[in-house]
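Undergrad: Sequence:
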Amino acid sequence: MSLEAAIAFFCAIFIFAITPGPGVFAILAKAMVEGPRQCVMMALGMVCSDLLYLQLACFGLATIAENWSEIFVIIRYLGAGYLIYLGYKMLTALSQNQQSDTEQQPQQTPLASFGHGFLISASNPKVILFYVSFLPTFIDLTRLNSTDIILISVLSSIALMSAIMLVAYGASRLAKVIKTPIAQQRLNKTAGGIMIAAGAYLAVNK
Numbered sequence: 001m002s003l004e005a006a007i008a009f010f011c012a013i014f015i016f017a018i019t020p021g022p023g024v025f026a027i028l029a030k031a032m033v034e035g036p037r038q039c040v041m042m043a044l045g046m047v048c049s050d051l052l053y054l055q056l057a058c059f060g061l062a063t064i065a066e067n068w069s070e071i072f073v074i075i076r077y078l079g080a081g082y083l084i085y086l087g088y089k090m091l092t093a094l095s096q097n098q099q100s101d102t103e104q105q106p107q108q109t110p111l112a113s114f115g116h117g118f119l120i121s122a123s124n125p126k127v128i129l130f131y132v133s134f135l136p137t138f139i140d141l142t143r144l145n146s147t148d149i150i151l152i153s154v155l156s157s158i159a160l161m162s163a164i165m166l167v168a169y170g171a172s173r174l175a176k177v178i179k180t181p182i183a184q185q186r187l188n189k190t191a192g193g194i195m196i197a198a199g200a201y202l203a204v205n206k
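Take the sequence shown: its position 60, counted from the start at 1, is 60 in this note's numbering, and no numbers get skipped.
No lab work stands behind these hints, which were simulated from the structure alone. This structure is a prediction, so every number in the text was calculated from the model and none was measured. Don't take each hint at face value.
Restraint ranges, calculated between C-beta atoms of paired labels, are given here [stated by the list, open to error]:
{"no.": "1", "residue 1": "L166", "residue 2": "V204", "range": "26 to 32 Å"}
{"no.": "2", "residue 1": "M161", "residue 2": "A8", "range": "17 to 23 Å"}
{"no.": "3", "residue 1": "T19", "residue 2": "L174", "range": "16 to 22 Å"}
Don't be surprised by glycine CBs; every beta carbon is placed ideally from N, CA and C.
Could you build all of it, start to finish, from the sequences and the hints given here?
TA: What follows is the structure, given as structure tokens:
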């Protein structure tokens with residue numbers, strides 16, 4: 001892969017990562033309520049899931065993935081249900097000021113956040129179709145070697161992580177402007193609504 005192709009590949013993956021979808025909506029909702037630091041492990045989970053699909057595309061396993069369509073449907077519905085559940089939890093959550101007067105709500109463990117992010121991306125098998133149609137633009141898949149695979153994996157990881165965390169920091173900065181209890185409660189409801197909408201989209205979008 002040439003330097004020009006590598007830069008173009010990086011930019012394309014970055015744009016793909018910030019395109020609105022279930023993953024972006026989930027990061028937006030989490031960052032608005034919990035802040036960007038709590039999004040790091042979720043972002044890592046999303047990146048790992050995307051890299052899995054990238055490897056499937058690199059090794060020409062898209063056909064095998066199509067034969068596992070029933071499994072992907074189950075994964076998709078599990079991911080959708082989990083998003084809707086998290087959205088409900090956000091809708092019923094107290095504002096940060098109200099929490100300080102009662103007890104602090106527990107946050108997800110790092111492992112749970114990672115699993116959450118992995119499940120969200122894994123629930124969207126269309127990602128592999130993106131890579132299958134996208135990679136040949138930059139690499140001849142019939143002459144792919146280990147160096148190429150490592151390079152595109154590293155570029156994808158950096159681009160995906162940068163894009164996801166940019167979204168998280170942007171959402172967090174917006175949330176910090178809203179400090180009153182009523183505004184924070186509305187923020188929780190908005191974030192919960194976004195999460196539920198993302199889950200519904202994932203469930204009905206085949």
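Undergrad: All hints, please: hold or fail.
TA: The hints, checked one at a time:
Here the CB-CB span from L166 to V204 is close to 28 Å, well matched to the stated 26 to 32 Å. A C-beta distance of roughly 19 Å is found between M161 and A8, which places it inside the suggested range of 17 to 23 Å. Look at T19 against L174: about 19 Å separates their beta carbons, and that is inside 16 to 22 Å.
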